[in-house]
Amino acid sequence: EPEVTQTPSHQVTQMGQEVILRCVPISNHLYFYWYRQILGQKVEFLVSFYNNEISEKSEIFDDQFSVERPDGSNFTLKIRSTKLEDSAMYFCASSEGRDSGYTFGSGTRLTVV
Amino acid sequence: AQSVTQLDSQVPVFEEAPVELRCNYSSSVSVYLFWYVQYPNQGLQLLLKYLSGSTLVKGINGFEAEFNKSQTSFHLRKPSVHISDTAEYFCAVSESSGYSTLTFGKGTMLLVSP
Numbered sequence: 035e036p037e038v039t040q041t042p043s044h045q046v047t048q049m050g051q052e053v054i055l056r057c058v059p060i061s062n063h064l065y066f067y068w069y070r071q072i073l074g075q076k077v078e079f080l081v082s083f084y085n086n087e088i089s090e091k092s093e094i095f096d097d098q099f100s101v102e103r104p105d106g107s108n109f110t111l112k113i114r115s116t117k118l119e120d121s122a123m124y125f126c127a128s129s130e131g132r133d134s135g136y137t138f139g140s141g142t143r144l145t146v147v
Numbered sequence: 008a009q010s011v012t013q014l015d016s017q018v019p020v021f022e023e024a025p026v027e028l029r030c031n032y033s034s035s036v037s038v039y040l041f042w043y044v045q046y047p048n049q050g051l052q053l054l055l056k057y058l059s060g061s062t063l064v065k066g067i068n069g070f071e072a073e074f075n076k077s078q079t080s081f082h083l084r085k086p087s088v089h090i091s092d093t094a095e096y097f098c099a100v101s102e103s104s105g106y107s108t109l110t111f112g113k114g115t116m117l118l119v120s121p
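Note that the protein sequences, when read in sequence, are chains A and B. Residues in the first sequence are numbered from 35 upward in steps of one, following my numbering. Residues in the second sequence are numbered from 8 upward in steps of one, following my numbering.
It is worth saying that the hints were derived from the structure and are not from the lab. Treat the hints with caution; some may be incorrect.
Derived SDA-like pairs: lysine to any residue, alpha-carbon spacing no greater than 25 Å straight-line [stated by the list, open to error]: (1) B/56 x A/37; (2) A/76 x B/19; (3) B/113 x A/87; (4) A/112 x A/75; (5) A/76 x B/23; (6) B/113 x A/44; (7) B/65 x A/132; (8) A/76 x B/75; (9) B/113 x A/120; (10) B/56 x B/25; (11) A/91 x B/33; (12) B/56 x A/58; (13) A/91 x B/35; (14) B/113 x A/62; (15) B/56 x A/75; (16) A/117 x A/37; (17) B/113 x A/50; (18) B/56 x A/89; (19) A/76 x B/57; (20) A/76 x B/61.
Simulated coverage check for chain B against chain A, where a stretch passes if three residues somewhere in it have a Cβ under 8 Å from a Cβ of chain A [said to hold, decoys possible]: (21) 51-60; (22) 73-83.
Cβ coordinates follow ideal geometry from the N, Cα and C atoms, glycine included.
In isolation and in its complexed conformation, chain B is listed as follows (with noise of 0.2 Å):
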């Protein structure tokens, strides 16, 4: 079985200035990453997923995330953000084989103020 740590309930950040949201996972077998963005009253939108190759993955929206095995982490990370980033940013692991069950993380509401 899988689970997702999201350190971080809240974000509240800036205009213009970086950001970066954590994801820590834990995991026994081989697996694919995703984030996952949720606007207000929307559903969930896929941001970028890790497969399997470079580390680092470029998503949508200017966002990218790192894949560090060791620390068995993922984190997302935005260089300068917009006021229209404000949303919840959900963290997902699945099994890299079988059927593709996504176990999420409690999700990083990211504030971004003028």
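Extracted from the complex, chain A is given alone in its bound form (with noise of 0.2 Å):
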């Protein structure tokens, strides 16, 4: 069955310092998204890309966060300047169309010292 794959799939990072996440979407797929999950909180959007730009994001993504879709295959979140509370799981997702559910991937738990 096809995969998203995230990497790493642990990153300690100390606070200030620039991170990039790592994602494969699934080929075929034309959806992708970030969401996080603070340890003990909702799993929480960040932000959709289709078509090679933004469609959509929150509050949380703010000028820290960039996305980008570099080739065909990866997409990637940077995070400029780290802070602690930046500590959360990540997780990447895709999807087909916009009602054909989501596939996420293992997430990246990335831990801003």
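Reconstruct the complex from the two isolated chains, following the hints.
Here it is in structure tokens:
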């Protein structure tokens, strides 16, 4: 069964450093997403991406965050200057269509120290 | 905007017993409803979804859910659970028009013991 692949599985970074979280969505999917889950809290929407541009973003997705699809397969989330409160599990997801349900990756656990 | 409430943070149950995980939602527009499962150290896996049509939806691993519009609920049920069903279960909602951003509940931890 096709999978969404996320790397790395765990990243530790110092406060103020830039991090890039990587995702390889399912190849025929058109919609891409990033969600995050702070420990003990809800899974929260960050951003959606369609047709090579951001289609929607949440209040969390401020100027520190950016997304990119640098080639035909990768989808990245960059955090420019990490803060302690950015520590969370970050999930990438993709979907074929608007109502087809997402396929989520296994997540990247980001720890900011 | 939508919201999802999962009333139980943890549900302990014995193996082979039935289980119901509760989910209520709030929305001013028509919605799609989803249940996801998260096994330890894994991603979110789609269990089932309601888009339209029959209000009783069957999913993977023997789970089913019933959409009740009047009660704005989408409870998840399984008639007989296994140890392997131990996981976190998330209810989620999205608008049925526009981009399909998901709003999640806080999750319910299902603990199945022998």
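Going through the hints against the structure:
no. : hint          : in the structure
1   : B/56 x A/37   : holds (19 Å)
2   : A/76 x B/19   : holds (21 Å)
3   : B/113 x A/87  : violated (29 Å)
4   : A/112 x A/75  : holds (22 Å)
5   : A/76 x B/23   : violated (29 Å)
6   : B/113 x A/44  : holds (23 Å)
7   : B/65 x A/132  : holds (20 Å)
8   : A/76 x B/75   : holds (23 Å)
9   : B/113 x A/120 : holds (19 Å)
10  : B/56 x B/25   : holds (21 Å)
11  : A/91 x B/33   : holds (21 Å)
12  : B/56 x A/58   : holds (24 Å)
13  : A/91 x B/35   : holds (20 Å)
14  : B/113 x A/62  : violated (31 Å)
15  : B/56 x A/75   : holds (23 Å)
16  : A/117 x A/37  : violated (30 Å)
17  : B/113 x A/50  : violated (29 Å)
18  : B/56 x A/89   : holds (23 Å)
19  : A/76 x B/57   : holds (21 Å)
20  : A/76 x B/61   : violated (29 Å)
21  : 51-60         : holds (count 5)
22  : 73-83         : violated (count 0)
Violation of the numbered hints given earlier is confined to hints 3, 5, 14, 16, 17, 20 and 22; the remaining hints are satisfied by the structure.
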